[in-house]
Amino acid sequence: MNDLGWIDAALTSARPQAVGALLRYFRDLDTAEEAFQEASLRALKTWPTNGPPRDPAAWLIFVGRNAALDHVRRQSRHTAMPAEELVSDLDDVEAPLAERLDGSDYRDDVLRLLFVCCHPDLPATQQIALALRVVSGLSVKQIARAFLVGESAMEQRITRAKGRIAQADVPFEAPGAVERSERLGVVAAMIYLLFNEGYSTAGATEAAARAPLAEEAIRLGRLLLRLFQTEPEIMGLTALMLLQHARTPARFDPQGDVVLLEDQDRSLWNRRMITEGLALIDKAVRHRRPGPYQVQAAIAALHARASRPQDTDWAQIDLLYATLERLQPSPVVTLNRAVAVAKVRGPEAALDMVEPLADRLAGYFHFHGVRGALLLQLGRGAEARSAFDQAVSLAGTAAEAAHIRMHLDRLEKDISADRRRGTVAEL
218 MNDLGWIDAA LTSARPQAVG ALLRYFRDLD TAEEAFQEAS LRALKTWPTN
268 GPPRDPAAWL IFVGRNAALD HVRRQSRHTA MPAEELVSDL DDVEAPLAER
318 LDGSDYRDDV LRLLFVCCHP DLPATQQIAL ALRVVSGLSV KQIARAFLVG
368 ESAMEQRITR AKGRIAQADV PFEAPGAVER SERLGVVAAM IYLLFNEGYS
418 TAGATEAAAR APLAEEAIRL GRLLLRLFQT EPEIMGLTAL MLLQHARTPA
468 RFDPQGDVVL LEDQDRSLWN RRMITEGLAL IDKAVRHRRP GPYQVQAAIA
518 ALHARASRPQ DTDWAQIDLL YATLERLQPS PVVTLNRAVA VAKVRGPEAA
568 LDMVEPLADR LAGYFHFHGV RGALLLQLGR GAEARSAFDQ AVSLAGTAAE
618 AAHIRMHLDR LEKDISADRR RGTVAEL
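Count along the sequence shown from 1, add 217, and you get the number used in our numbering.
Since the hints were made in silico from the structure, they are not lab data.
Any given hint could turn out to be false.
[Unchecked claim] For lysine-lysine, the following DSBU-like pairs were computed, each having C-alpha atoms within a straight-line distance of at most 30 Å:
1. K560 to K500
2. K379 to K358
3. K358 to K262
Predicted, not measured: the structure shown is a model, and the values here were computed from it.
Between the sequences and the hints, there should be enough to build the whole structure, so can you do that?
Laid out in structure tokens, this is it:
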């Protein structure tokens, strides 16, 4: 076998289980990582000749554990590990050996590994960076590029995260039912934060650089779903990411500027992802245990099911946002609901919802953009211009500012046309 692509795929897939088991055995992140890397190097050397083992994760656990123990023996001048040919072709024995080593299901190993990376003492950025390094196996250079920071700065961020984990004395025993439920929520939040790091970009160039983060979040979501196949919120999380990421090919025009959902070419949406996402959210809803991820996924599903913007069921989206307001109260959720209300009951009703949010969202770019758009629909041009100017001043990227300036240009054209007709007062 000369094509090594299958080995890379097998190592990537097995990494969370293998590193998780090695972490539980050695109780040290660096040791677990190094043991996995050593096992991966031996896999690259032996698998092309011998073929893949029946259980790659078990093989990697067994070889990685022995490699780490051999390192300890060499340092202690004890007996070296057996010759390479005695461990390179483990065949049917690696699974029971790994089972005896582990003493627990892979599910707990992966969950433990993810939870360690999501320790509450870590800032969100360190959680994501550590998970990408330890769980996903991305290089520091790849992570730094995705976060648009220098490689040395990212190395320091990951090192600090590992240091905090070591100081926190995290327990490594298999979690009980209550703790598992708590861990699951933290892990799901980290995965969605990771997805947003990759998806919430305001320019085509940045989106291309950060797309691997969104794709990795989806991979981790699918992994979590395999571990918790009957958990509706994990179905909802995975569905939400799939349905949002499916729109990526239509999010930017050829010039790299943002294209709003209503103006996107829906023929460019990824139908395979949409089909998978719709199936997942439909399955989640049947459990009748609603949660925030499920509600957000249901909203995304209504957009995905509309073949044209005018076919969107805005009344149902309004109801779903009302549900989300109850489950997860937030001024941003209310702001998003106002967009749906504008479609159903008109801009004045929506503006009545938006205005009370001014104090809490004064520094939020999208608040002023939505408010300006509503004022524009109501013909209140001077106020709309002021809101758009505030939005431009708060824009985080040039693309965001350019989008608001489009509204300003349209406002100026409308005002000029009205002046020519003598139907508008001086602003």
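Consistency of the hints with the structure:
no. : hint         : result
1   : K560 to K500 : 29 Å, holds
2   : K379 to K358 : 17 Å, holds
3   : K358 to K262 : 25 Å, holds
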